[in-house]
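Just so you know, the sequences run in chain order A, B and C. Just so you know, we're using the numbering used here here: the first sequence kicks off at 1 and counts up by one. Just so you know, we're using the numbering used here here: the second sequence kicks off at 1 and counts up by one. Just so you know, we're using the numbering used here here: the third sequence kicks off at 1 and counts up by one.
Source of the hints: derived by calculation from the structure; they are not laboratory data. Note that the structure is predicted; figures quoted are calculated from it, not measured. Hints should not be assumed to be uniformly reliable.
Distance windows between CB atoms, simulated [claimed, not checked]: (1) A:Asp138 / C:Gly161: 55 to 61 Å; (2) A:Arg64 / C:Pro297: 38 to 44 Å; (3) A:Thr287 / C:Ala107: 53 to 59 Å; (4) A:His202 / C:Pro297: 55 to 61 Å; (5) C:Ser235 / B:Arg13: 31 to 37 Å.
Below, a sample of chain C positions facing chain A; criterion: calculated Cβ distance under 8 Å [stated by the list, open to error]: (6) Arg155; (7) Ala158; (8) Val164; (9) Gly167; (10) Glu169; (11) Arg171; (12) Ser293; (13) Leu296; (14) Val298; (15) Ala303; (16) Ala314; (17) Ser317; (18) Val318; (19) Thr321.
Note that CB positions come from ideal geometry on N, CA and C, so glycine has one too.
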Amino acid sequence: MTSPPLGPSRPSPSGRYHVAVVGAGPAGLAVAATAAAAGCRVALLDAAPAVGGQYWRGRDPGVRLSGVDVMTGSAVWFVSPGFVLHRRGSDPVAAERLVFATGAYDRTLPFPGWDLPGVVTPGAAQAMLKGCGVPIGDRVVVAGAGPFLLPVAAGLLEAGVRVVGVYEAGDPTRYARAPAAVAGARGKAREAMSYLATLARHRVPYRTRHAVLAARGVAAVSAVEVGQLDRSGALVPGSVRPVECDAVAVGYGFTPQLELPLALGCATRLDTDGSLVLAVDFAGQTTVPGVYAAGEVTGVGGAALAEVEGRLVGAGVAVATGHRSPLSEMELTRLLRRRSALRRFAALMHRVHAPPAGWPEWLTENTIVCRCEDVPVHRIRAAVTGLGATDGRAVKALCRPGMGWCQGRICGYPVAELTARWRGRPLTAADLAVFAHRPIAQPVRLGDL
Amino acid sequence: MSASGHLIFDGRRVPVKPGQTVAAALWAAGIRSWRTTRETGAPRGVFCGIGVCFDCLVTIDGTPNQRACLAPASPGMVVTTQLGTGR
Amino acid sequence: MSRPDVVIVGAGMVGAACAYYAARNGLRVTVLDRASVAGGTTGAGEGNVLVSDRQPGPEMDLTLCSLRLWREIGDELGRGPIELEPKGGLVVASTPESLSALRELAARQRRAGVEAVEVAAGDLSRYEPHLAPGLAGGVHYPQDMQVQPMLAAARLLAASGATVHCGVEVRGIERDAAGGVAAVVTGAGDRIGTRTVVNAAGVWGGQVAALAGAHLPVAPRRGFILVTEPLSSASAAARGVVGPIRHKVYSADYVSTVVSDDAALQTSTVVESTRAGTVLIGSSRERVGFDRSYPLPVLRRLATQAVALFPFLAEVSVLRTYLGFRPYLPDHLPAIGPDPKVPGLYHACGHEGAGIGLAPATGALIAAQLTGGEPPVDPYPFRPERFG
Ligand SMILES: Cc1cc2nc3c(=O)[nH]c(=O)nc-3n(C[C@H](O)[C@H](O)[C@H](O)COP(=O)(O)OP(=O)(O)OC[C@H]3O[C@@H](n4cnc5c(N)ncnc54)[C@H](O)[C@@H]3O)c2cc1C
Ligand SMILES: Cc1cc2nc3c(=O)[nH]c(=O)nc-3n(C[C@H](O)[C@H](O)[C@H](O)COP(=O)(O)OP(=O)(O)OC[C@H]3O[C@@H](n4cnc5c(N)ncnc54)[C@H](O)[C@@H]3O)c2cc1C
Ligand code: FES
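Bound-form chain A, shown alone:
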């Protein structure tokens, strides 16, 4: 792949930015603000109508963006070598350095009935409530794994919704076994405690090592089946019972959105949570010179880590484009220390809230795995055990999971996992990369291409 003109710093020729940042969440905002403060010409692009990303979601993030060309409503659908970002509906944007801060989305695991209307991700519940003031139901189950379940449940309670139960597949008592990592992120622990207090106040059962195994209903979900998990993540026999609800929010952490950096050839790795993330160096640079990454794309760790990484990368690209770092020595040291502490906590969080090992046992042969192409378990099994598919690429080619509208964003993880398991080997980054590789990052009309 051709590398960009990286050489000595020079003023940006007109029309070409020093830095273009894709994604205006906590990470991208921090990159843009920091680089602009150093004097860089910065473009900040986001598909959404306003900046803020998943965390701020349209509310004012209170970040000073003077000197930044903010381009909202700019879904980037293609990136060419030479660092040109193609966006829908307007001219391409070119820059000397690119920063990808495209965030993450909920990671989901299939289970019988997960395609019923009313079964949504925790992120969807949050987006509908925080973004539009609409709660996802009147009697809601919140389930899956990860600390994010707590603010989702607490938010629904504050909106007057009856939360009938919160079911966490992990075992949060394991946090106590790593006091040093927890101490490094004290704010997080405090936040979790306050959500737990809200749950307790509303007498909402919070069950750990429990999972939603199936959803039932005709036109929409009317009940879920909940079961207890043992220490190995397998279902405890006889523990399954029904819980009535009219909506369920279920997800197992987040997974990054990587198609743009992958299109440029950036290398990836498998993170502690089993997600595919970008491999970056100390400065946040990917394996492609001149291409940087910040926030969830480098490893899921939450808004605070995203912002810290964003400031560091913003300062780094400023220096790389011939500007003086806007960070003092002291600020730099503090941010670096904070980044390590938050990353250590994130790694702990990944281990505590890992997807339960027994999830494939919950599937029936007819459970839909690929929602777009209606591919059930038995067709994937037939491809692996009957037609000789040994990797995700072959499975995809032989029975179409990941070929539909979402291009494997939703089914990529479960299909890769099932394929690896049925081949009797561990999941690899290459398995996931098959489903994350999307040179056309967003659907584009043939007439607009």
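We have chain A already, so just place chains B and C with the ligands on it with the hints.
Just chains B and C with the ligands, lined up with the frame of chain A:
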């Protein structure tokens, strides 16, 4: 930001509040699905809520395959249940 | 593992067809692939089985033989499981000049045994209701077919009964004192004794030949495909309801591109509906080595040509694009047959943009050569020794 009023969903009036997406407006009116899958005809509505899963595709003002969770709702909009491919 | 009569390197479409026919001729076959089934170019192309784009000559003979064998395979495995569809091709000309060139080609093709029916400009819409207006005319080729290459390769392999090992790379080919093949050596260091190796390694065929000290100048020719959103469904297709495009439709300039020696970008867009409901648009041809980047101008050109044929596509979304490397040889004919220098080594590679279509005839020819049977076509034009 879009204003208050009503959109029309399959001939029915659905209230729209400023800042809402089409999905949120429909959901607030108790509507949980507005699409059927092309192979099995199963009903679908919101899943990811942020434009990633494409489960919420719907026909808006005659144009099929719009993501209801991203499309801003506006008064007077005509939204129709999308069957199969929407074409 | 018991000693195989023949080891086939490559589980692509060609290796699968070789395994199928070799096994039917009573040989014990082992197939090795370093990737998965159909993990090479077979998983990165289209499934056109075309006679319409062939000039009369050796490749035409191989094609006509293949068409017959594909129909047999369809009867044996069922058409559905390999998505074999004898849908026919429609080649259209936009100008009177290109129409007369097309007519002239069709006349020669007819003399070689091809069915080619001229379609007047006014009748084109009966064949393809959504075709752009104003075209000069076209030719309908009822013999053109479609097959899903990955399913076809996987199912042929499964039906062959051959022993298949995926994730096994061939790193060496051992020869005995007389210079003949003695064994293949895998990446894990295993030695599989055999007197016969079939090199079906596609675009990597030159590398596999080199392992035995042989020479085969296979080189890559890159191609891109665009895939649209689904416009129809597989369940409807099973009821006989086809997508918006009924045939394989392409413009007459394809023919000159296929045989061209120009290294620069060439595009000639074949547009068709697939059983899965998408529309497939492809493909381009470029000689740029194994470059895996996606240049926008190439994708744009494919899109523009598709929209020129079918204006309604302008409103349809592209969901994905992928690329592959066609294995080509300098004279654009595949190498099929024994290596001139290494006894026991056979080549079956270099099919360029027609390896799916030509696979069955290739497999049948190799099987005949391995067992001393009657070759289904004249093997002479495909002999590997033409590269010295
Ligand atoms: C639905 C959802 C809701 C969440 N809610 C919360 C919450 O309430 N509280 C909390 O602490 N954490 C929440 N999170 C977790 C969240 O991932 C992080 O806390 C934080 O937002 C991460 O910051 P980021 O900058 O890395 O990414 P994000 O905030 O996700 O920002 C990424 C931005 O990139 C843009 N983008 C992506 N691809 C493209 C493209 N191709 N072209 C243009 N723009 C693009 C997106 O539109 C988005 O605005 C939520 C996550 C999700 C998925
Ligand atoms: C964009 C595009 C469109 C196309 N469209 C058509 C079409 O419509 N119709 C048509 O007929 N053809 C088409 N083709 C061409 C067709 O795809 C190829 O000719 C055909 O797939 C070649 O098949 P193969 O089995 O020879 O090679 P491959 O499928 O590449 O198989 C070779 C196998 O060998 C394996 N291998 C290589 N080296 C080793 C080793 N050392 N050890 C073990 N295994 C090894 C590889 O992993 C690979 O799986 C197209 C090609 C492209 C790129
Ligand atoms: S709900 Fe997933 S894209 Fe709209």
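Taking the hints in turn, this is what the structure says about them:
The given range of 55 to 61 Å is respected by aspartate 138 (chain A) and glycine 161 (chain C), whose C-beta atoms sit roughly 59 Å from each other. Range check, arginine 64 (chain A) to proline 297 (chain C): about 39 Å between beta-carbon atoms, so the 38 to 44 Å window is met. Separation of threonine 287 (chain A) from alanine 107 (chain C) is about 56 Å and conforms to the stated range, judged on CB atoms against 53 to 59 Å. Taking the beta carbon of each, histidine 202 (chain A) and proline 297 (chain C) are about 59 Å apart, inside 55 to 61 Å as hinted.
Taking the beta carbon of each, serine 235 (chain C) and arginine 13 (chain B) are about 34 Å apart, inside 31 to 37 Å as hinted. The interface hint given for arginine 155 (chain C) holds, since its Cβ lies 7 Å from the closest Cβ of chain A, which is under the 8 Å cut-off. For alanine 158 (chain C), the interface hint holds, the least distance from its beta-carbon to any beta-carbon of chain A being 6 Å, beneath 8 Å. The beta carbon of valine 164 (chain C) comes within 6 Å of a beta carbon in chain A, closer than 8 Å, and the hint placing it at the interface holds.
A least Cβ separation of about 6 Å between glycine 167 (chain C) and chain A falls short of the 8 Å threshold, and the interface hint therefore holds. Taken as an interface hint, glutamate 169 (chain C) does not check out: its beta carbon lies about 13 Å from the nearest beta carbon of chain A, beyond 8 Å. A least Cβ separation of about 18 Å between arginine 171 (chain C) and chain A goes past the 8 Å threshold, and the interface hint is therefore violated. The interface hint given for serine 293 (chain C) holds, since its Cβ lies 5 Å from the closest Cβ of chain A, which is under the 8 Å cut-off.
Here the hint on leucine 296 (chain C) is kept, as its CB sits about 5 Å from the closest CB of chain A, short of 8 Å. Restraint check, valine 298 (chain C) versus chain A: the minimum CB separation of about 11 Å is more than 8 Å; hint violated. Of the supplied interface hints, the one on alanine 303 (chain C) holds, with its beta-carbon coming within about 4 Å of a beta-carbon of chain A, less than 8 Å. Against a cut-off of 8 Å between C-beta atoms, the interface hint on alanine 314 (chain C) holds, since the closest Cβ of chain A lies about 3 Å away.
Given the 8 Å rule on beta carbons, the hint for serine 317 (chain C) holds: about 4 Å separates it from the nearest Cβ of chain A. A least Cβ separation of about 6 Å between valine 318 (chain C) and chain A falls short of the 8 Å threshold, and the interface hint therefore holds. Given hint, threonine 321 (chain C) at the interface with chain A, holds; its Cβ is 5 Å from that chain's nearest Cβ, closer than 8 Å.
In this structure, the hints that do not hold are numbers 10, 11 and 14, in rising order.
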